[in-house]
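Residue numbers (my numbering), protein chains in the order written: chain Z, 1 to 292; chain C, 1 to 292; chain P, 1 to 292; chain W, 1 to 292.
For identical chains, the list gives no copy identity; a pair is met inside one copy or between any two copies.
With a Cα cut of at most 20 Å, we get these calculated DMTMM-like pairs of lysine to aspartate or glutamate: (1) 140 with 56; (2) 140 with 277; (3) 140 with 71; (4) 100 with 56; (5) 36 with 11; (6) 100 with 71; (7) 36 with 147; (8) 186 with 260; (9) 186 with 121; (10) 186 with 267; (11) 222 with 252; (12) 222 with 201; (13) 186 with 268.
Quick caveat, the hints were computed from the structure, so don't treat them as lab data.
Number of protein chains: 4
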Amino acid sequence: MTATKLRQLIESEDTEFLMEAHSPLSARIAEESGFKALWASGLSISASLGVSDRNEASWTEVLGIVEAMADRVSVPILMDGDSGFGNFNNVRRVVRHMSKAGVAGICLEDKLFPKANSFVDGPQELASVEEFRGKIMAAKDSQLDPDFVVVARTEALICGAGRDEALCRANRYDEAGADAILIHSKQAHAGEIMEFARRWERRRPLIIVPTTYSQTPTDVFKTAGIACVIWANHSVRASVSAMRRITSIIHERAYAGDLDHDICTVDDIFRLTNEYEVRDAERRYLAPGTVG
Amino acid sequence: MTATKLRQLIESEDTEFLMEAHSPLSARIAEESGFKALWASGLSISASLGVSDRNEASWTEVLGIVEAMADRVSVPILMDGDSGFGNFNNVRRVVRHMSKAGVAGICLEDKLFPKANSFVDGPQELASVEEFRGKIMAAKDSQLDPDFVVVARTEALICGAGRDEALCRANRYDEAGADAILIHSKQAHAGEIMEFARRWERRRPLIIVPTTYSQTPTDVFKTAGIACVIWANHSVRASVSAMRRITSIIHERAYAGDLDHDICTVDDIFRLTNEYEVRDAERRYLAPGTVG
Amino acid sequence: MTATKLRQLIESEDTEFLMEAHSPLSARIAEESGFKALWASGLSISASLGVSDRNEASWTEVLGIVEAMADRVSVPILMDGDSGFGNFNNVRRVVRHMSKAGVAGICLEDKLFPKANSFVDGPQELASVEEFRGKIMAAKDSQLDPDFVVVARTEALICGAGRDEALCRANRYDEAGADAILIHSKQAHAGEIMEFARRWERRRPLIIVPTTYSQTPTDVFKTAGIACVIWANHSVRASVSAMRRITSIIHERAYAGDLDHDICTVDDIFRLTNEYEVRDAERRYLAPGTVG
Amino acid sequence: MTATKLRQLIESEDTEFLMEAHSPLSARIAEESGFKALWASGLSISASLGVSDRNEASWTEVLGIVEAMADRVSVPILMDGDSGFGNFNNVRRVVRHMSKAGVAGICLEDKLFPKANSFVDGPQELASVEEFRGKIMAAKDSQLDPDFVVVARTEALICGAGRDEALCRANRYDEAGADAILIHSKQAHAGEIMEFARRWERRRPLIIVPTTYSQTPTDVFKTAGIACVIWANHSVRASVSAMRRITSIIHERAYAGDLDHDICTVDDIFRLTNEYEVRDAERRYLAPGTVG
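In isolation and in its complexed conformation, chain Z is listed as follows:
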């Protein structure tokens, strides 16, 4: 059901937008802001757990969070599956589990396990094409919902392997059954991404992550026929800035009044967490005099 929604978004003519979320709370907020789909980001989930984006969090820790997100929103979630948390067999287990939990799709990248974040300096190694194709096939064979989306992400540009290698890999992953290709770049402008898109000729939906080239006007992406744009980490980055600012102010002043402009109300928290629904339910399910 959510898988069908995600598939329709990705395969639609328009350029669509996915907003990062890293917790049920942030997922709920992104949904309320109007986003039609969410990106369960490995970087920001790791960050909220306080660990580096190097598969320090175990796959069951990550799945627990993404499952809880899926429980709390009705828009579809595309999960950042890193390099698959191991080999093809770990991919199978993860996809079965996520698919059962109502997650709409997974994105797998052609790096080794444990991975490092794409924006980290230093050499990064690509997985062999054959091994990664096996993971895509294993993912497709393991999904429970026929509309579950498997995105193949190539890190060829990130790893400095060049555009031809990127195109070649995208082709091979497409043949292996990927439902969409994510082409990642860490350039400060969209040059190599646009060149890739031009050559790709919309063979299969193309997804991009404009973190480093965020200044590129969105019309450029639309004209290039990009299927989906992922705003991959902006919610967690906004939360860090805000938490730092407020905790600094409160620490400095030793006073937490007069912050209403910067912090939501407690009542807002209640609303976001279904407090009022539970209170109504008390009337239905709790006999008079048994309120705890």
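Starting from the known structure of chain Z, arrange chains C, P and W on it as the hints suggest.
Chains C, P and W in isolation, oriented as in the chain Z frame:
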């Protein structure tokens, strides 16, 4: 060790301040802002999990998060233990577990299980004094670290039982072995809290949570001899406002550029999650040519 | 799907049998022995976790195990939900979660939280009828699968409240929407159970747990029109005896040879855990030369 | 504390014996049978979870079980750490976590991630010596307890690399800081193990796992100066046989009486799970009339 630090803070002559945290990330930020101790808030941990503050999250879910927080900061953490997650036996299990995990203390409140948030409208029921004293004794008998802090929180004022009942309960909890008393109020001003403090006469450290009476100048608390002030939910509330603002802007503009003033850098996320420490460690532990 | 199977079993004319399981491994074994449905026992799951049957294990710990069991067998699982892990709201959360995870049904008992095991000496307190009816209604309203089975278990006989109270409660739970009634007894013979069944007149399927009255011939249950018999703890009890015997022998002899009659082969473990399926999958998904 | 006990056992003059456990319950039983230390086996923990011994279980799943075992016994536990659940960085995280949880030591093997069980047919690949040395160093640098034991297990014989490679690797791991060497073999007799031991000359304590060569008299191991013998999977294998036997009998007979010889009593389960301790504690902590 962290327990000793928390005990010293609570027993010091000065009024000290604890900042709420709900994740390892927010804990780290609060520590960097200068706070000497943290409050692992039940409300905000529940909120980040997307569930109401009514013990919808299981105690092991909450403990997992608080343990991860304790792993990531060196300042002590006082855990919001709600009403103890069940009876005295659940309290024993939780205290042993938390004490082993390096959490510095726990706060238990004299309500039933499952509890409701103190600021929720509607009648709330107090636990019997005897049953709650049993929980305090069970907590004290179960701590592994002799300096582990058990705070007894009375909800007598919240539940409308009056100041005399609050004082009576505080006394009984003190006798049962509580290391400090948390007196909670939902008035818009500090009146009943100040009156309580005056009568209490510093028999045992007094802790307050000025959420609804946040406009009260902190000097008032100092003069009243309050041992600790907990800023109980401001970090999560700041994050909600910021995430809502940024996701709305990005959704509206379909563009994520020009937000540098409002969101931290990706590099900042790396620093907060020890990415650079791991990269240095790679040089020590990974042989040349084996970087993944 | 599995819920439909369980419903059919319970509503069939024949007396059916559920075997206890406490882990995916024991679930698999019980399925291979021919049982058409399993009982995920609170006592034996707690025991395998090394904790008392008093809700020491959190509900998410228990659910994690039952979910993993459901992943590994195709026969339906009825989960022992104790007294619902809290109030109606916790029941809602558990039922939604289990129903999503493919568990076929839940059994709720009319005791307080935390519960104590029914066979433990000492007074036990029944929940109020109204509060427990609220839990049943909440459970029925929260199931995702229309065939999900909610069993209402009355502990009236266990708590010494008598047969009339047991019948009255069973009636009220039936009216509240329970799909079956579990009537529990700790007598050494089936007397009170048979009397209850006679009076109940098959208004709704009746489930029994002949742990203390295990000597009663099964024909007696069949004649009485019992819908389901739960063998509630025999698998874990067999495992305890066997593990104790083998570890004692090995310790005494300081030698682990010549035990083939008493322990299964390692190959048997491989078969039970799908090792050979994974090896076959390696041929499909792993390119030559990449076997890890 | 438990680490100190394990270190003393391993470094003692005598040949010592570790019994496998895969759950808190089996750990308790092995301790009661007299074993002075336990082996938290990856194969049997995976088996109890119903998954293959190929790192299908996440490291946090495994750690959760081993932590719970450590909570329930006072004898030290050596944890089977497979190939470290990833690279050196995952090893660091696991060791810090286990060391904090009171686990006495970890055994790391020089295979890739995800690993396959040593007794599975088919080619298995060894890790590079340098990469594995990095893991040992990372483990030693991460332990919180100075007596925490890091065992380096070489699979050189398992992978067909020969005795010289095995000795060379053992030497290099010793130099990297390993506290003991585990030399594994899948031969039906102890030949290659004895030859290895002879050449090793007790440079560092030697640990063996006589699963396939279980018929070898223990005196042979003693004479060879083996420090520790691990009975690596016998408890779970005994439980499988017993559960299969009992569930088959009960299914066939549709009757669970007359099995007292084969299954422990319910009371025995109570005793093993501290039921009576809790009941006593009720008297201390629960006021009269509040028993739940």
